[in-house]
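Spelled out, the chains give:
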Amino acid sequence: MAKGDPGASTRGRRAAPRSRKAATGDPELVQLLTPTGERIESVTGPDGTEYRVDFTDEEYRGLYRDLVLVRKLDAEATALQRQGELGIWASLLGQEAAQVGSGRALRTQDMAFPTYREHGVLYCRGIDPIMPLGLFRGVDQGGWDPNEFKFNMYTIVIGAQTLHATGYAMGVAMDGKTGTDDGEAVIAYFGDGATSQGDVNEAFVWAGVFNSPLVFFCQNNQYAISEPLERQTRIPLYRRAAGFGFPGIRVDGNDVLATYAVTRHALDNARHGQGPSLIEAYTYRMGAHTTSDDPTRYRIASEVEAWQAKDPIARMKAFLEREQIADSDFFAEVDEQARREAIELRERVLAMPNPEPVTMFDHVYPNGSPLLDEQRAQFNKYFDSFEGSTH
Amino acid sequence: MATETLTLGKALNAGLRKALENDPKVVIMGEDVGKLGGVFRITDGLQKDFGDQRVIDTPLAESGIIGTAVGLAIRGYRPVCEIQFDGFVYPAYDQIVSQVAKMHYRSRGKLNIPMVIRIPFGGGIGAVEHHSESPEAYFAHTAGLKVVSCANPQDAYVMIQQAIASDDPIVFLEPKRRYWEKGQVDLDAPLSGAYPLHSARVARAGTDVTLLAYGPMVRTCLDAATAAAEDGRNLEVIDLRTLSPLDLGVVYESVRRTGRAVVVHEAPSNVGLGAEIAARITEECFYSLESPVLRVAGFDTPYPAARVEEEYLPDLDRVLDAVDRTFGW
Chain P
1 MAKGDPGAST RGRRAAPRSR KAATGDPELV QLLTPTGERI ESVTGPDGTE
51 YRVDFTDEEY RGLYRDLVLV RKLDAEATAL QRQGELGIWA SLLGQEAAQV
101 GSGRALRTQD MAFPTYREHG VLYCRGIDPI MPLGLFRGVD QGGWDPNEFK
151 FNMYTIVIGA QTLHATGYAM GVAMDGKTGT DDGEAVIAYF GDGATSQGDV
201 NEAFVWAGVF NSPLVFFCQN NQYAISEPLE RQTRIPLYRR AAGFGFPGIR
251 VDGNDVLATY AVTRHALDNA RHGQGPSLIE AYTYRMGAHT TSDDPTRYRI
301 ASEVEAWQAK DPIARMKAFL EREQIADSDF FAEVDEQARR EAIELRERVL
351 AMPNPEPVTM FDHVYPNGSP LLDEQRAQFN KYFDSFEGST H
Chain C
1 MATETLTLGK ALNAGLRKAL ENDPKVVIMG EDVGKLGGVF RITDGLQKDF
51 GDQRVIDTPL AESGIIGTAV GLAIRGYRPV CEIQFDGFVY PAYDQIVSQV
101 AKMHYRSRGK LNIPMVIRIP FGGGIGAVEH HSESPEAYFA HTAGLKVVSC
151 ANPQDAYVMI QQAIASDDPI VFLEPKRRYW EKGQVDLDAP LSGAYPLHSA
201 RVARAGTDVT LLAYGPMVRT CLDAATAAAE DGRNLEVIDL RTLSPLDLGV
251 VYESVRRTGR AVVVHEAPSN VGLGAEIAAR ITEECFYSLE SPVLRVAGFD
301 TPYPAARVEE EYLPDLDRVL DAVDRTFGW
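Heads up: the sequence lines are chains P and C, in that order.
If you number the first sequence the way the UniProt record's numbering does, the last residue is 391 and the count never jumps.
If you number the second sequence the way the UniProt record's numbering does, the last residue is 329 and the count never jumps.
Keep in mind the hints are simulated off the structure, nothing from the lab.
Owing to the predicted nature of the structure, the values given are computational and were not obtained by experimental measurement.
Heads up, a few of these hints could be off.
As the list claims (entries may be wrong) - Coverage of chain P stretches by chain C, computed from C-beta distances (three or more under 8 Å per stretch; other residues unrestricted): (1) 171–179; (2) 195–202.
To be verified - Taking lysine-lysine pairs in the DSS-like style, the calculated list, with each CA pair at most 25 Å apart, reads: (3) P/Lys150 with C/Lys25; (4) C/Lys102 with P/Lys177; (5) P/Lys150 with C/Lys110; (6) C/Lys25 with P/Lys177.
Ideal Cβ positions, reconstructed from N, Cα and C, are used throughout, including at glycine.
Generate coordinates for the entire structure from the input sequences, incorporating the hints supplied.
Rendered as structure tokens:
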């Protein structure tokens with residue numbers, strides 16, 4: 001499952017796109033791969049930055065593999081919820097390119113602060129994809145080591161993690177870890193709904209004032225559960241950055257190449273000490289908010305169909321085929337790998353044991369508490385009083 | 001031994017200075033804590049001596065203070081956050097309750113948030129609204145937080161250092177009306193061997209009734225005990241010091257001797273600390289009690305306008321009235 005970072009060293013590679021297209025289209029949307037899979041060589045952003053990627057064929061194929069795998073594992077998780085094996089699941093369907101593009105743009109030393117839907121970023125960070133399923137199955141509340149993988153625990157309170165990311169980024173700067181090519185950067189994930197939260201706006205203020213090495217990565221998937229974007233904002237979200245004093249840019253979040261290019265650029269600016277920026281990855285939540293939601297109550301089928309035509313995986317496949325970077329054997333092999341990993345994930349989820357009840361008393365405090373010791377002892381005594389208790 | 005007479009506020013300042021000296025990861029952050037030294041001058045002079053990366057004037061947003069401090073803690077820092085007044089902590093309540101308190105638990109021990117949240121609390125200074133509140137029950141009710149309060153300069157000096165050195169997230173309640181009270185402080189007292197942070201202590205030994213208090217009400221209870229002695233009643237005063245977890249061993253021992261207990265706090269009585277303490281004394285000391293455990297507390301009103309706060313706050317007479325009532329059963 002693990003693969004290399006396709007963009008760790010892109011200079012001097014071959015593989016400039018073979019189909020070239022002028023930098024046209026929506027001036028407010030950075031795009032390097034059209035919905036039909038046509039490659040745009042480079043795009044100049046509003047501030048004059050030229051966005052391009054320069055991947056090898058193998059790296060292009062690697063990104064495609066990532067997209068397919070995270071979608072398949074996500075679909076398996078949804079199926080597991082439908083069968084009662086997970087309490088709930090927050091699907092990333094439709095947002096694969098935003099997550100893989102930004103996730104692969106991170107360098108090893110960079111730190112990420114996710115919401116609860118960043119399964120694709122989690123995958124890119126090399127974390128076992130079963131981890132979030134433990135959370136949604138209810139056997140734990142996370143499980144991975146945030147510092148080992150440089151990927152914090154999921155945060156369910158909307159927007160709260162943007163402040164954590166900002167503080168962490170302040171610490172990076174205080175540690176003197178910015179200003180060089182191997183400096184550290186931080187990325188904060190959040191959604192369009194979160195932009196209404198006080199915490200997110202406070203994070204914008206803080207990051208601006210302290211010039212923190214931070215990328216605010218907003219996946220605008222158009223809905224906060226049922227509420228459309230118009231209920232959160234009067235202006236395009238990326239333009240909010242101007243009011244806080246740092247750059248904002250909108251990228252086609254269904255375009256893995258553009259998302260990679262824009263995110264890598266913003267992260268590198270941050271690590272070099274040039275401060276924060278906001279990326280609005282313009283995408284669409286193809287599924288429900290979570291498995292408890294019914295999107296047919298608040299959005300029409302034609303809208304979903306229109307976004308279907310912008311699918312992030314279909315356009316990447318069309319590109320790979322057109323440029324003869326991958327053949328049918330490759331696509332079949334990726335599908336087979338995805339199928340195999342999904343089965344493996346399912347088997348491991350079904351085998352996940354429930355935690356021992358008494359473990360609920362663990363890790364409340366690093367230094368413990370006599371009150372809890374007393375309650376734990378009482379709980380054990382009560383538990384053991386039942387005949388046949390194996391506890 | 002460098003023993004000096006210091007106000008409680010100066011003792012806190014000295015304790016913070018020592019913590020900054022002892023650990024380069026300690027950072028102080030809050031509104032006006034830099035050049036101004038805080039509105040109560042508790043951080044006076046610290047930014048000048050330790051720089052603006054160790055003593056950080058933050059934007060004016062409490063959730064931002066606590067939320068960014070969480071990130072700094074994950075990065076390996078030990079943030080000491082100042083909330084300017086008790087009534088301004090509520091914008092940060094979500095970050096404190098949902099993030100600070102739960103991070104260690106949710107991560108199954110992989111993350112520590114060694115944060116101290118300093119809050120000047122309580123009334124009695126003639127302040128305008130939102131500047132005199134006692135929010136301790138909100139925090140003591142939250143698993144994952146510890147809550148302490150100091151009542152004298154020596155404890156202020158030692159307890160703030162102990163709280164900063166602890167890996168637990170701690171809400172540190174400072175009795176703002178006592179900031180200017182003076183006492184002897186041993187500035188060379190080593191932390192190792194100091195009286196443990198999460199331990200109650202007998203502040204005045206007695207035999208007839210046990211008075212239980214913390215923070216600003218310890219002084220009130222000591223004064224009440226002095227007055228009662230003139231009437232021939234010998235009151236024991238216990239400074240609880242730690243509100244979560246409560247340390248009630250010394251309390252049970254006392255109540256078993258006196259048979260009578262009165263809990264005193266400024267916070268409203270309804271569902272306050274006094275209710276929990278009374279329930280637990282009743283469970284542990286039932287056969288020793290000569291009367292129910294009584295509470296002397298703020299009333300269940302919003303904190304009133306300053307010109308009537310003297311009538312709202314427990315004072316010597318209300319404490320003595322309750323002591324009298326314990327003899328009425």
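Structure-based check of each hint:
no.: 1; hint: 171–179; verdict: holds (count 4)
no.: 2; hint: 195–202; verdict: holds (count 3)
no.: 3; hint: P/Lys150 with C/Lys25; verdict: 20 Å, holds
no.: 4; hint: C/Lys102 with P/Lys177; verdict: 29 Å, violated
no.: 5; hint: P/Lys150 with C/Lys110; verdict: 13 Å, holds
no.: 6; hint: C/Lys25 with P/Lys177; verdict: 15 Å, holds
Hint compliance for this structure: hint 4 alone is broken.
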